[in-house]
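Please build the complete structure, drawing on both the sequences and the hints.
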Amino acid sequence: MGSIQILLRQHVGAPCEPIVKAGDNVEKGTLIATPTGLGANIFSSVYGVVEEVKEDRIIIKPDEEQKETFVPINVPEDASKLDMVKAAGIVGMGGAGFPTGVKIDTDLQGGYILINAAECEPGLRHNIQQIEEEADKVIRGVKYVMEISNAGKAIFAIKKKNGKAVKVLKEALKNEPAISIHLLADIYPMGEERAVVRECLGIELDPTKLPLAANSIVINVETLARVAEAIDEKKPCFSKNLTVIGKLNGGNEPHVYMDVPVGTSVGELIERAGGIDGVYGEIIMGGPFTGKATTLEAPITKTTGGIIVTMEFPDLHGANVGLLVCACGGDEERMRDVCQKMNGTVVSVARCKQAMEMKNGALKCERPGICPGQAKNNLQFKKDKAEYIIIGNCSDCSNTVMGSAPKMKLKVFHQTDHVMRTIGHPLYRYLKVSKTVDQDI
Amino acid sequence: MSITAETAKEHAKDPAVLCCRAEAGTVLSASNLEDPAIFDDLVDSGLLNLDGCLTIEQILGATLTKTCDSLTPLTPDVLDGVKEVASEEAAEETAVPVAAAPAAPAPVAGPAAGGVLRIHIGEGKDINIELPTGLTSGGAAVAEVTEAPVAGVAAAPAPAAVEEEKVIRTLTRKHFKITEVKRGPETKIEGTTLYIREGIEADVVADQELVKKFELEIITPDKYHTYSETIMDVQPIATKEGDSDLGTGVTRVLDGVVMMLTGTDEDGVQIGEFGSSEGYLDENIMWNRPGCPDKGEIFIKGNIVIQEKTNMERRGPMAAHTAFDVITQEIRTVLKKLDESLVVDTEELKQVRRPGKKKVVIVKEIMGQGAMHDNFILPVEPVGVLGARANVDLGNVPVCVSPLEVLDGCIHALTCIGPASKEMSRHYWREPLVLEALHDEEVDLCGVVFVGSPQINAEKFYVSKRVGYTVEAMDVDGAFVTTEGFGNNHIDFASHLEQIGMRGVPVVGMSYCAVQGALVVGNKYMTAMVDNNKSESGIENEVLGCNTLCPEDAIRALAMLKTAMAGEDIKKAEKKWNPNVKATNVELIEKAYGKKVDLVANEQSLPMSQKRKEKYD
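In the order they appear, the protein sequences are chains A and B.
For the first sequence, the working numbering puts the final residue at 441, and the numbers step up evenly by one.
For the second sequence, the working numbering puts the final residue at 617, and the numbers step up evenly by one.
Please keep in mind that the hints were generated in silico from the structure rather than gathered at the bench.
All the pointers check out, no bait thrown in.
Simulated crosslink set (DSBU-like; lysine-lysine; CA at most 35 Å straight-line):
no. : chain 1 : residue 1 : chain 2 : residue 2
1   : A       : K432      : A       : K167
2   : A       : K411      : A       : K364
3   : B       : K615      : A       : K409
4   : A       : K432      : B       : K13
5   : B       : K571      : A       : K409
6   : B       : K9        : A       : K435
7   : A       : K432      : A       : K164
8   : A       : K359      : B       : K9
9   : B       : K596      : B       : K166
10  : B       : K576      : A       : K409
11  : B       : K576      : A       : K385
12  : B       : K9        : B       : K524
13  : B       : K295      : B       : K174
14  : B       : K213      : B       : K309
15  : B       : K524      : A       : K382
16  : B       : K13       : A       : K383
17  : B       : K66       : A       : K364
18  : A       : K383      : B       : K66
19  : A       : K364      : A       : K409
20  : B       : K572      : A       : K407
21  : B       : K9        : A       : K383
22  : A       : K359      : A       : K341
23  : A       : K376      : B       : K83
24  : B       : K571      : A       : K383
25  : B       : K571      : A       : K376
Using C-beta positions, here's what the derived DEER-type ranges look like:
no. : chain 1 : residue 1 : chain 2 : residue 2 : range
26  : A       : H317      : B       : A12       : 47 to 55 Å
27  : A       : K81       : B       : R503      : 53 to 61 Å
28  : A       : D337      : B       : D69       : 30 to 38 Å
29  : A       : M356      : B       : D69       : 22 to 30 Å
30  : B       : D69       : A       : G275      : 38 to 46 Å
31  : A       : Q380      : B       : D69       : 15 to 23 Å
32  : A       : N360      : B       : A12       : 37 to 45 Å
Bear in mind that the values here come from a model prediction, so they are computed numbers and not experimental data.
Yeah, the Cβ is synthetic: ideal placement off N, Cα and C, and Gly gets one too.
Laid out in structure tokens, this is it:
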């Protein structure tokens, strides 16, 4: 086992302050950094010795032998459930990383807990697998959060295509009248927070609004399991479930790993999954849409959901490229990165009309998954003499782009093409399925 | 891109096309529809065929019976619940011939026409329509009422008690005739002969360090076929009597002669940026344009050579203009003392206010990017240098002047490039829009606002916002925005129109656009536009003054603004430049006003130059 690198910023908010120094012995579950503002406790994920404390990370050399036991969270006997969640350092594990203890510290007055089981990024599978294998633990987490936030109802938002998981859930929920299931169509994005609210409750939220405005909290499957662990086992949050997939020896099937110690390197996980199969394009940390290129040395965090090794990029030989930036895919920097790896020259950048820039500079879609029309952007690309365009759009918008781009002789690439080809998933081009699904299970 | 409910309303009669895939069962709303603004481009690209397409008002609220993809024109076979819109034929329509409504929007200006008073009543009873008498002879005034249960429609300029005209101030121009210009031992005027001191060239060179060489030439009509470097400016020779300020008192002016500044830098580079008018004078000057020499006039033509590479620096053109004014100033001094008996003509220009009439303001955008894109504002003498402040130094902010200050030479234009569309100093002396608006008894011209066009976008919006507040404070009923040149300055030009339009003030824009100067930006307030183009093929043909604002443009702009102020919609121009739009509007105006509009000639009336033959025609 190589060194473990635990980043001091694994959540929304300020970096944590280290409370250990080089040479300190640590155990699995030892508190090693605490928040300085908005944030969440960070624990050691292994038994070992602190090698170095850097500005942005703590490096731990793990012991040869790793026991299963861990140091429980340090809370008084009479600590509330919410206190336990806070002490355990749980953050939104779907990728957002918002401190869970802060999110659920609210009074929904009988409102909704919406369980985000969309697992929308193609290729990822660990959320669905957890439902299949540990539905009870997840449901315990749901009930704890309902209690903490004073919610009256909970709804699992899950794609209908995950037949087995849906069946398991239905069985597990048969005596839970307050918890129901809402089936989602297999299009991207369904897991966007406000898309979940819209699909489950029929309320369209403005991009600046949180689900709280609809009297609800949206929370990821794995996060709920961690809540159950914190309360039932006093277990700190120091491990992560994730999917490794891509151009790997042994094939492109997903490898799901549960409870991987936070801080493990990308390279180690790839090796565990069989190692890279020959030449490759890039390694992505996260999903194909919202993930970013990473390196073998990079460590995983509490929010890492996927590690993807892709096939090589096509070579555009310097051709003129237009970028269509939206909130659903990569930001402009990521799109430029993809374009550069394809050896294209960016001549035009357009932004989807619905991509609203938030105060922090991030883009959010006004109506996730519902296209506002794209013909005008294509006219711009044409005018700017683009030969190719790279888009990062959702299923519906990609379909619209395809409605005019080919006729204008613009050749379309989707930012996720190299991933989709690698994992054998259809490319994002035309939309052939309905956005609404029959709720019969 | 999908549209808002508001846009859908504006485009109620436009074709309805899906912006995105919509599934069967969708109840259609504005958010399902593509913006009609891009249809032309889509049709051009072969992406759209609008034959048989229903209109937006017909399909809103209808249900799609079949899943359709983006850019599908909506037709009855895929819809349930298409609205029967009270068809045009069924509606009651009263057509009263009324003054022309010329008009046009972005992207390519050039007015289109209206020409009827249309009162559309979809449904209703007990409707009284009162129309003022004499409507057929004058200003356009129209109101449109749709589906009003009870409605009274009154049209025409508010019949407010019209007060007496007020003369705010007057400016007297005393004209002195010059028939001959000679060189002599001293600068003087004898009878109708102007003598210019021999050796004055040395004074010009000595005046400015950057001026390296200077030659003076007297161009009489028989020498019009003389080669010249690019024409940097054409100026009247005029001076104030006594201590009166520009725009007041008495101005003395020489007729039959103009100052003409031409030049290059030491490397022989023309002092110009986009295009230059060098060549034979008779092939490169559009005679009798407001800013140009009139055919028959004598030019006192100074050719200046400035230090190498300073042609595109601020100091170069400034030095050229300042040094050249040494000669003009010497003539002014003589002119001041000239005997009253030599006055051949006296005219009185009155600044008139017409309370009760539609109050209008003219906003003139002038160049302020620096180098030769600058203007000296408000010199002591007409088109002088002394006492003036450079537009760029003033930060290009709006400066309010009286119409008489404009006509008295308050702008000394450094502008010398984009020869066909730029306004020379003389242009302001004879500014057609100021003159037309001042003389038009149906409007009350309250003033003229000059605003510079800065180089940087942030500054462009800084000044355009000031224009907005300035116009807001004036409480006008309508505004004109004119510009010279094209391209970069169209960004702030468009922003001025927006700033004024968003305050609910009808606004007419005037610019050379046509083919080469097609607007690069636009906004929803740019619906009333007049194209100053005169060139045959719609281009910047490098013929001095060819595409500048002329009386025929001023007449069209006034007619258009009156139409807009009366609340009538101005018809959209075609997508591509079409000179017939102007022709049609002129015809309509002639019919409505019972007055012939004389159109000026264009470059085709000049002998063909080698340059034009090679580059343009």
